[in-house]
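Student: The whole structure should be built from the sequences, with the hints applied where relevant.
Chains A and L supply the protein sequences, listed in that same order.
Going by our numbering, the first residue of the first sequence is number 37, and it counts up by one from there.
Going by our numbering, the first residue of the second sequence is number 37, and it counts up by one from there.
You may find that some hints are simply not true.
Which copy? The list can't say, so a pair holds if one copy fits it or any two copies do.
Listed below are the simulated DSS-like cross-link pairs for lysine-lysine, each with C-alpha atoms no more than 27 Å apart in a straight line [said to hold, decoys possible]:
(1) K112 / K65
(2) K171 / K353
(3) K306 / K288
(4) K171 / K288
(5) K284 / K106
(6) K171 / K284
(7) K234 / K106
(8) K185 / K221
(9) K227 / K112
(10) K126 / K359
(11) K128 / K359
(12) K306 / K284
(13) K227 / K106
Just so you know, the hints here were simulated from the structure itself, not pulled from any lab data.
A quick note: this is a predicted structure, and the numbers were derived from the prediction, not measured.
There are 2 protein chains.
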Amino acid sequence: MSVIKIGVDAYGGDNAPEAVIEGALFALKNNYLSRDELVIIGNDLSNDFLESLKGVEVVPAKNLVTNDTKPTDVLKLEESSMYIGCKYLKEKKLDAFVSAGNTGALLASGTFIAGRLEGIKRPALVLALPSKSNKPKILVDAGANAEVKSEHFYDFAREGIAYAKFLDIEKPRVAILNIGSEEEKGSTLIKDAYNLLKGFSNLNFVGFVEAREIFDDTCDVIVTDGFTGNNVLKTIEGTAYFILHELKTAIKSGGLFTKLGALFLKGSLKSLINKIDYRSYGGTFFLGINGILVKAHGSSDAEAISNAIFVATKAAKFDLLSKIEL
Amino acid sequence: MSVIKIGVDAYGGDNAPEAVIEGALFALKNNYLSRDELVIIGNDLSNDFLESLKGVEVVPAKNLVTNDTKPTDVLKLEESSMYIGCKYLKEKKLDAFVSAGNTGALLASGTFIAGRLEGIKRPALVLALPSKSNKPKILVDAGANAEVKSEHFYDFAREGIAYAKFLDIEKPRVAILNIGSEEEKGSTLIKDAYNLLKGFSNLNFVGFVEAREIFDDTCDVIVTDGFTGNNVLKTIEGTAYFILHELKTAIKSGGLFTKLGALFLKGSLKSLINKIDYRSYGGTFFLGINGILVKAHGSSDAEAISNAIFVATKAAKFDLLSKIEL
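Tutor: What follows is the structure, given as structure tokens:
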């Protein structure tokens, strides 16, 4: 391919297709990518949208995948936008594919339609969390694999390292999430993974890390199984919203000075909320498959979609897949 | 026993024995318990301390368990305060035992020296988290069992229910932590546990709950394996400290109004920090063994120790163990 091609699933997410197309148009307007780089998967669009998308390739596809579609069922929905997007990844007609659709269905499509990279057994959800330093912290697997074997931690590590390099982290330090930092702590799975990763000199493996250090500068890539990773991610989200809720309650029931204080702090609080919202951090990648797959959040609005298109384009130009050591 | 007896490990924790004895004296001064109810395990104390403890039973014991002691090694340290405290639980010489010592060693002592309750295969760490409503949220297992089978979820549920009742929650709703709320989500272990708990009409089982709902009023007792539970707990801690760190940074780099705002909000922020600190919430119990075992945090100061003594006394008077359905 001479020109990179970024596909966008017109029918993915709660606000599709409107939010998706508006997001794509916003991305064009901001020069995140050019019209010949954008490919919209899905053609059942309003005339207004089709008019605005002049010069953009629109691939015919149907709106068939809902939130209730079972992961493996999508493999039979050959005319769906999700199926076609992943097929195009495999066929190298697309460098990257962005979808805000049903997560389970998207992971199945990525794994079985786009297909795994040779040398990778378990593709994983990779994402960046904020941290106390200015470097992001990479979490792998954030929820793709609920059950894993110790050998899969090697896949997760390499996927995480590639993403860390994409985010300008040189020589990323890799750690395994555990319930203690001593070598003898944790489950058999974790101990086996520890011994495995210790043996790879290419990994810059620094041992175990505890969840209370997630935001500290003790490592760059945290690897864990998808069940734990997803729970950690949702706990961060739940805790952040809980603290904001409690702060709001305290301010509401406080006196004049408390309310004045809140008013003065509004700007700081807002930038804080933005910082802890991991969704603003470069998107969630499903790494380890043929092609760059960006999972946008199901409730994405146009801005979130345009951000996802931005990171997908950037990752394609960076040639993210080539950074996964195979 | 006519008088309840609360044992305190003089040698447990980073600040032992000073913080422990001062905590015990504080508990006496505040009438959390009477002198004939308190039992200090450990006798190598200063004369000043022994003088202040007049009327309190002091059991001879040695300071042998360190942070480096391996869990099973404590079973051979028969003269250690931890061993003797757990032996006294088994022999009903104590109703409750409070220790801020080495967690792994304490869990091993509880399980193998005090012994499991008949009908319970897996004792677990049970603790209360804050929530958006005024009711606490119970988390089981918070870190005792890194590897579990589905049948152990039934133990965790009954342990959590007993603790919920102790915290005045009537008919506690039990949920299993999972990475989605649909029945087909999660690992085989989780699905098996779901099917098992569904079969017990005495549990008030409400299905799956996601980690982002931990602080919401959708259930009262959250059961999970000790690996996930411990990671969730430490993620809450890490996230809370991260948010406070970011807020402080924002205030520091802010202008006069920001600083004034922070000053006005100081009270609200302080009470918020207290609320999110789960350590202020009634202590961590190791439930399912013969006797009430309260695990105080390793870095406990005198106040934390006195709080742990307070909840241990309250739990003994409530007859917490009888609330575990066997």
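Student: Give a verdict on every hint.
Tutor: Hint check results:
no., hint, result
1, K112 / K65, "neither (36 Å within a copy, 72 Å between copies)"
2, K171 / K353, "within (21 Å within a copy, 51 Å between copies)"
3, K306 / K288, "both (17 Å within a copy, 16 Å between copies)"
4, K171 / K288, "between (35 Å within a copy, 20 Å between copies)"
5, K284 / K106, "neither (39 Å within a copy, 45 Å between copies)"
6, K171 / K284, "between (29 Å within a copy, 19 Å between copies)"
7, K234 / K106, "between (38 Å within a copy, 23 Å between copies)"
8, K185 / K221, "both (17 Å within a copy, 19 Å between copies)"
9, K227 / K112, "between (39 Å within a copy, 26 Å between copies)"
10, K126 / K359, "within (18 Å within a copy, 58 Å between copies)"
11, K128 / K359, "within (18 Å within a copy, 62 Å between copies)"
12, K306 / K284, "both (13 Å within a copy, 14 Å between copies)"
13, K227 / K106, "between (34 Å within a copy, 16 Å between copies)"
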